[in-house]
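S.K.: Read off the chains here:
Protein chains: 2
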Amino acid sequence: MNITIDREILIENLNIISKGLPNKSPMPILTGIKLDATDTDLFLTSSNSDISVEVDINDSSLKIESSGSTVVPGRFFIDIIRKINSKYVNLFLSDDKILVIKADRGEFKLHIMDPLDYPKIDFVALENPLELHSDVLKEIVKTTVFATSTSEKKPILTGVNFNSNNNRIIVTATDSFRLAQKVVEIGEYKDFNITIPAKSLDELSKAVDSYDGNINFYFSNNKLLAQYKNVMFQTRLLDGNYPETARLVNDSFNNVVKFNKDELIEAVERVSLLSPRDKDRKNEITYSIIKLNIKMDRTVEISTNYINIGDAREEIIPTYIEVTNPIMIGFSSRYLIEALRSFNSTEISLNLKGEIRPFIVKGEKDYNLTQLILPVRMD
Amino acid sequence: MNITIDREILIENLNIISKGLPNKSPMPILTGIKLDATDTDLFLTSSNSDISVEVDINDSSLKIESSGSTVVPGRFFIDIIRKINSKYVNLFLSDDKILVIKADRGEFKLHIMDPLDYPKIDFVALENPLELHSDVLKEIVKTTVFATSTSEKKPILTGVNFNSNNNRIIVTATDSFRLAQKVVEIGEYKDFNITIPAKSLDELSKAVDSYDGNINFYFSNNKLLAQYKNVMFQTRLLDGNYPETARLVNDSFNNVVKFNKDELIEAVERVSLLSPRDKDRKNEITYSIIKLNIKMDRTVEISTNYINIGDAREEIIPTYIEVTNPIMIGFSSRYLIEALRSFNSTEISLNLKGEIRPFIVKGEKDYNLTQLILPVRMD
Chain W
1 MNITIDREIL IENLNIISKG LPNKSPMPIL TGIKLDATDT DLFLTSSNSD ISVEVDINDS
61 SLKIESSGST VVPGRFFIDI IRKINSKYVN LFLSDDKILV IKADRGEFKL HIMDPLDYPK
121 IDFVALENPL ELHSDVLKEI VKTTVFATST SEKKPILTGV NFNSNNNRII VTATDSFRLA
181 QKVVEIGEYK DFNITIPAKS LDELSKAVDS YDGNINFYFS NNKLLAQYKN VMFQTRLLDG
241 NYPETARLVN DSFNNVVKFN KDELIEAVER VSLLSPRDKD RKNEITYSII KLNIKMDRTV
301 EISTNYINIG DAREEIIPTY IEVTNPIMIG FSSRYLIEAL RSFNSTEISL NLKGEIRPFI
361 VKGEKDYNLT QLILPVRMD
Chain U
1 MNITIDREIL IENLNIISKG LPNKSPMPIL TGIKLDATDT DLFLTSSNSD ISVEVDINDS
61 SLKIESSGST VVPGRFFIDI IRKINSKYVN LFLSDDKILV IKADRGEFKL HIMDPLDYPK
121 IDFVALENPL ELHSDVLKEI VKTTVFATST SEKKPILTGV NFNSNNNRII VTATDSFRLA
181 QKVVEIGEYK DFNITIPAKS LDELSKAVDS YDGNINFYFS NNKLLAQYKN VMFQTRLLDG
241 NYPETARLVN DSFNNVVKFN KDELIEAVER VSLLSPRDKD RKNEITYSII KLNIKMDRTV
301 EISTNYINIG DAREEIIPTY IEVTNPIMIG FSSRYLIEAL RSFNSTEISL NLKGEIRPFI
361 VKGEKDYNLT QLILPVRMD
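These protein sequence lines map, in sequence, to chains W and U.
First residue of the first sequence? That's 1 in the working numbering, and the numbers climb one at a time after it.
First residue of the second sequence? That's 1 in the working numbering, and the numbers climb one at a time after it.
Excised from the complex, chain W in its bound form (with noise of 0.2 Å):
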């Protein structure tokens, strides 16, 4: 094998095969790069236990010596090209497992692997797409991953769930104390019930982020494919049934208040600086229960005391408010807000039913998003 390209070009398509290369693995082999060179083609291939990503490159500036494939150390050899800055790279295989890299006055030399040890990707057979733009596949991510579970007890809480008929997904991700649903209208389609990985889908999201075009999905039962340019990106799914949540988010909520988005997030995040805390630790977000008091002179307070330290209050005007009784309901404040952050609206509704009882936040422009939060029991 030995090939020259532009190193830009190259790159832009190692940060696309990041997104399947594992830091480490049971399998030292899958913490390579597969390299194969065809005559024409240049693909590069990496795979980690959910992602397997390929890409096949066939741009102007690649010029192949000859043919080849090889298995390259992943992280140094991203590192590498990132790091060099010739406008060209040259690859090239030289005597027995040593993969040259050749930029101006710079020569690096990698161990590599034998590709014939890599194992071989099963990618869904490319027939019946369904076709999404990327824009849609962002939105989905934004409004949906961050409800989804972090702890392994429930693996199937870990995904987001795509249940599809008539003619729409409906979308949802719960880590059983909140809830996202997104619902999307796509064309004629069979029906379909998967549940993709959270982790998968947020590094799809990545991949596409400066595509804007349509994505083709594929499905098996065990995986999806996403294609789109040169890129195919399979996932496993996961296993199990995802539970029924219609019931909870289709209740009927006759407490209504409305309130400007950004002024509801700046008043709880204020308030919440006098909560008890609790670092999660992966997040480095806080954990802090607020009390919202909804008064019939039509008023709202939020407060919160954090025992031997003080409290905060802080008053809030509704821009709307419909409330047949008083109600004061405590909740996770890091839930709410990042309900609040996933809609686009300025002006976003909180729709009550009891104090006890879960309540759901629409957006005014956000009409087939719905963020729904378990209030929690309060002294």
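Mixed in with the good hints there might be a few duds.
Note that the list lumps identical chains together, so a pair holds whenever it fits in one copy or between two copies.
[What the hints assert, rightly or not] Cut-off 20 Å, straight-line C-alpha distance, at most; resulting in silico cross-link-like pairs (PhoX-like, lysine-lysine):
(1) Lys-153 / Lys-223
(2) Lys-63 / Lys-102
(3) Lys-142 / Lys-83
(4) Lys-261 / Lys-83
In short, the hints are calculated from the structure, not lab data.
Bear in mind that the values here come from a model prediction, so they are computed numbers and not experimental data.
We have chain W; now place chain U onto it with these hints.
M.R.: For chain U alone, kept in the frame of chain W given last:
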């Protein structure tokens, strides 16, 4: 106590005070900020085991309804004042042991501590100051603090030594693997030899970040007080004798190689990608050993080798070279990069004596700055 003040003014001063506020303390009262409102001024005080800070606020926006003293939970108080967004804040002591913070429609109540329990800070007498411009202090911190030791094995090396005689201060930092020395010209002043904790210098440098003017320094035998504007910033000094280092730096180095600084940094960073790494947990910077090969054909090669992964090699053309014999020398790439970054010069020189002897880095425009690096033995 009942006062009203412009929130921006209060934040600005709290940011300075925060440099002396411990996150935890064996003396819980020190996690608090002391507020003293006299008839005309508001004093804020913080103190930890190294640093004590006091600011004297006498702003035209300050309205003192009634004077008084209190100690409030420091981090909570700062977070609240930062997060609220009113123009003014009103602070008053309500009934027993509560400070109320009022801002627009928000009200925060903090449990206070007894100001009589707050230790009296013993500031150095304001006599016979040494004046240094804030720019000089910032330059000292930038060029030396990184070379101090982070290990408590030799506590004196966790500080920066200031040794003054003959109208100049020799500022030295070393972790015994590399050394930074900056010479600062001063006016007539008594001789002194003190070692300031690196952390204190860092915090003082941050405190004066937006200040452009002279700082007055006052010494006692175990404390240093920096005074500027309305700020008193005091740090303890480190006990013990700082090692003699003049001999190392004032050695003669008869081999000189000059480089464009940025070119050298980039080449070292690239080649370091293939050198064995150990993450420094604190700084997340990698230590790695690189080899510099100065050849008689007037070229210089930088190379590394990472067992089982590969090796890297880059040729770099010096802007000037004068060597009596070829030199092959190995050292930490991090030490070289940190040393290089401390220079303002475009062109820097490596001045070497031999393969296993310390070498120094100088910059054409930084004539008062010397960085020294100890090599490691190569196999």
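S.K.: Each hint: holds or not?
M.R.: So, going through the hints one by one against the coordinates:
With identical chains, the CA atoms of Lys-153 and Lys-223 are never at most 20 Å apart, being 22 Å at best within one copy and 56 Å at best between copies. For the homomeric pair Lys-63 and Lys-102, the shortest alpha-carbon distance inside one copy (14 Å) is at most 20 Å, but the shortest distance between copies (69 Å) is not. For the identical chains of this complex, Lys-142 and Lys-83 are neighbours neither inside a copy (31 Å) nor across copies (26 Å), given an alpha-carbon limit of 20 Å. For the identical chains of this complex, Lys-261 and Lys-83 are inter-copy neighbours only, at 17 Å across copies versus 42 Å inside a copy, given an alpha-carbon limit of 20 Å.
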